[in-house]
Amino acid sequence: MSIIILNTTIQADIHKVFDLSRNIDLHQKSTSKTNEKAIAGRTSGMIELNETVTWRAKHLGFYQTHTSKIVDMKKPYQFTDVMLKGRFKSFKHQHIFREDGKNTIMTDILEFESPFGIIGKLFNYFFLKNYMKKFLLKRNEMIKNAAENNKING
Numbered sequence: 080m081s082i083i084i085l086n087t088t089i090q091a092d093i094h095k096v097f098d099l100s101r102n103i104d105l106h107q108k109s110t111s112k113t114n115e116k117a118i119a120g121r122t123s124g125m126i127e128l129n130e131t132v133t134w135r136a137k138h139l140g141f142y143q144t145h146t147s148k149i150v151d152m153k154k155p156y157q158f159t160d161v162m163l164k165g166r167f168k169s170f171k172h173q174h175i176f177r178e179d180g181k182n183t184i185m186t187d188i189l190e191f192e193s194p195f196g197i198i199g200k201l202f203n204y205f206f207l208k209n210y211m212k213k214f215l216l217k218r219n220e221m222i223k224n225a226a227e228n229n230k231i232n233g
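Numbered by this note's numbering, the letters in the sequence shown go through residues 80 to 233 in order.
Calculated directly from the structure, the hints in this document are not laboratory data.
Take these hints with a grain of salt, some might be off.
To be verified - Keeping only pairs whose Cα atoms sit at most 20 angstroms apart, straight-line, the calculated PhoX-like set for lysine-lysine is:
#1 168 x 217
#2 164 x 148
#3 95 x 217
#4 223 x 95
#5 112 x 217
#6 164 x 116
#7 213 x 223
#8 116 x 181
#9 213 x 200
#10 95 x 154
#11 171 x 148
#12 108 x 223
#13 181 x 95
Using the sequences provided together with the hints, build the complete structure.
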C-alpha cells in the first residue's frame with residue numbers, strides 16, 4: 080500500500096476551496112495533459128455524497144477508466160472518495176480542509192495499491208507513487224489558482 084500526504088495552503092475561504100475541490104469541470108481542466116474526461120455518473124458541477132463519477136484518461140500511454148464514489152462528506156471540512164472500478168487493487172482519497180486564519184489548509188491523503196503482487200509493489204515504489212504525487216500537485220495548483228484568483232479558467 081502506498082500513501083501520499085500533501086498539504087496545500089490556499090489564501091481563500093474554506094467553503095470556496097471545498098467546493099473547488101469537488102468541481103468536476105475544474106478537475107478536467109487540471110488533467111488536460113492526460114485528456115481526463117468525466118464520462119458517466121456526475122460529469123459536471125460539484126460532486127455530492129453518494130454520487131459516482133467515471134473518468135476516462137490516458138495514463139502511461141493507455142486509455143483507462145476509473146469509477147469512484149463519494150462515501151463520506153462533512154461540508155466544508157472533508158470528503159472521501161473510493162474506487163469502485165478501475166486498475167488499482169484499492170484506491171482511497173481523503174480530502175481534508177481546515178481554517179488557519181485567512182487561509183485554508185487543504186490536505187490530501189491518497190492510499191492506493193496496485194494489482195500484480197510483487198511486480199505491482201515494485202512498480203509503485205519505483206514509479207507510480209511519484210507519478211500520482213505529481214498528478215495531485217498539478218490538481219492542487221489549479222485549485223489554489225482558482226481560489227486565490229477567483230477564476231476557474233486556470
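Against the structure, the hints:
{"no.": "1", "hint": "168 x 217", "result": "violated, 24 angstroms"}
{"no.": "2", "hint": "164 x 148", "result": "holds, 10 angstroms"}
{"no.": "3", "hint": "95 x 217", "result": "holds, 18 angstroms"}
{"no.": "4", "hint": "223 x 95", "result": "holds, 10 angstroms"}
{"no.": "5", "hint": "112 x 217", "result": "holds, 10 angstroms"}
{"no.": "6", "hint": "164 x 116", "result": "holds, 16 angstroms"}
{"no.": "7", "hint": "213 x 223", "result": "holds, 15 angstroms"}
{"no.": "8", "hint": "116 x 181", "result": "violated, 33 angstroms"}
{"no.": "9", "hint": "213 x 200", "result": "holds, 19 angstroms"}
{"no.": "10", "hint": "95 x 154", "result": "holds, 11 angstroms"}
{"no.": "11", "hint": "171 x 148", "result": "holds, 10 angstroms"}
{"no.": "12", "hint": "108 x 223", "result": "holds, 13 angstroms"}
{"no.": "13", "hint": "181 x 95", "result": "holds, 12 angstroms"}
Going down the numbered hints, you'll see the structure goes against 1 and 8, while the others check out.
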